[in-house]
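S.K.: Given only the sequences and the hints, what does the whole structure look like? Please build it.
Order-wise, the sequence lines are chains C and X.
No gaps in the numbering here: position 15 of the first sequence is 15 in the numbering used here, and each next residue is one more.
No gaps in the numbering here: position 9 of the second sequence is 1009 in the numbering used here, and each next residue is one more.
I should point out that these hints are in silico values taken from the structure, not numbers from a laboratory.
One or more hints might be untrue.
Anything over 12 Å on all C-beta distances counts as not near chain X; from chain C, calculated [as the list claims (entries may be wrong)]:
1) Val13
2) Val14
3) Glu15
4) Lys16
5) Arg28
6) Ile60
7) Tyr64
8) Asn76
9) Ile79
10) Val84
Pulled a few chain C residues facing chain X out of the computed Cβ check, cut under 7 Å [claimed, not checked]:
11) Gly43
12) Glu44
13) Leu45
14) Phe47
15) Arg50
16) Phe91
17) Phe103
18) Phe105
19) Gly106
20) Pro107
21) Gly108
Model, not experiment: these values are computed from the prediction.
We put the beta carbon where it would ideally sit given N, CA and C, even for glycine.
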Amino acid sequence: AQKVTQAQTEISVVEKEDVTLDCVYETRDTTYYLFWYKQPPSGELVFLIRRNSFDEQNEISGRYSWNFQKSTSSFNFTITASQVVDSAVYFCALSEGNYGQNFVFGPGTRLSVLP
Amino acid sequence: DAGVTQSPTHLIKTRGQQVTLRCSPKSGHDTVSWYQQALGQGPQFIFQYYEEEERQRGNFPDRFSGHQFPNYSSELNVNALLLGDSALYLCASSLGGGSEQFFGPGTRLTVL
Chain C
1 AQKVTQAQTE ISVVEKEDVT LDCVYETRDT TYYLFWYKQP PSGELVFLIR RNSFDEQNEI
61 SGRYSWNFQK STSSFNFTIT ASQVVDSAVY FCALSEGNYG QNFVFGPGTR LSVLP
Chain X
1001 DAGVTQSPTH LIKTRGQQVT LRCSPKSGHD TVSWYQQALG QGPQFIFQYY EEEERQRGNF
1061 PDRFSGHQFP NYSSELNVNA LLLGDSALYL CASSLGGGSE QFFGPGTRLT VL
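M.R.: Encoded structure:
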């Protein structure tokens, strides 16, 4: 069965520091999608990124960047120059197949950015 | 363009009762998924509806059932409520499969 592991339960950094959130996944499918979501204190999950299993190209969006490595089954997320507004719980997720079956979330990493 | 909406926002029930939660997907989306998020945990997949049919289901008992209407909106029903059903219930919509899911604000269910 598929599985997503986020080994870091909680991380605290001081504003302007860079921080990397780790995500390791397990799947037997060759076609799958990986996601990152942000859940601020308000509770609503905010979509950040989706990658498919055939696209290992890293991506940068502003202060956010993602490193996808199939060889290590990892999809890590880095925030550069963190800000207090980045404080939230971040979830990595995996779905299998062409129709997004078996959508599985990791347990989440709580990031606290201190001023 | 309205996003995913859910109602009610909060709900308090007692053990053994039944509850219905509602979800309207983002405009243009045809697939609705439901998740249960217990405090301090990641969302757990309950089921997904597409073309008014349950396309796939997570590891939840038959007490959890759902429905999708022709306008793509959806309901989640939970019968014989248990204390352990207390959680945030999230609805997500998407266009087909494989695309990103957009989440609603959730319904906070408390079972006393």
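S.K.: Give a verdict on every hint.
M.R.: Consistency of the hints with the structure:
| no. | hint | verdict |
| --- | --- | --- |
| 1 | Val13 | 21 Å, holds |
| 2 | Val14 | 25 Å, holds |
| 3 | Glu15 | 25 Å, holds |
| 4 | Lys16 | 28 Å, holds |
| 5 | Arg28 | 16 Å, holds |
| 6 | Ile60 | 18 Å, holds |
| 7 | Tyr64 | 15 Å, holds |
| 8 | Asn76 | 17 Å, holds |
| 9 | Ile79 | 19 Å, holds |
| 10 | Val84 | 22 Å, holds |
| 11 | Gly43 | 6 Å, holds |
| 12 | Glu44 | 5 Å, holds |
| 13 | Leu45 | 4 Å, holds |
| 14 | Phe47 | 5 Å, holds |
| 15 | Arg50 | 5 Å, holds |
| 16 | Phe91 | 5 Å, holds |
| 17 | Phe103 | 5 Å, holds |
| 18 | Phe105 | 4 Å, holds |
| 19 | Gly106 | 6 Å, holds |
| 20 | Pro107 | 5 Å, holds |
| 21 | Gly108 | 5 Å, holds |
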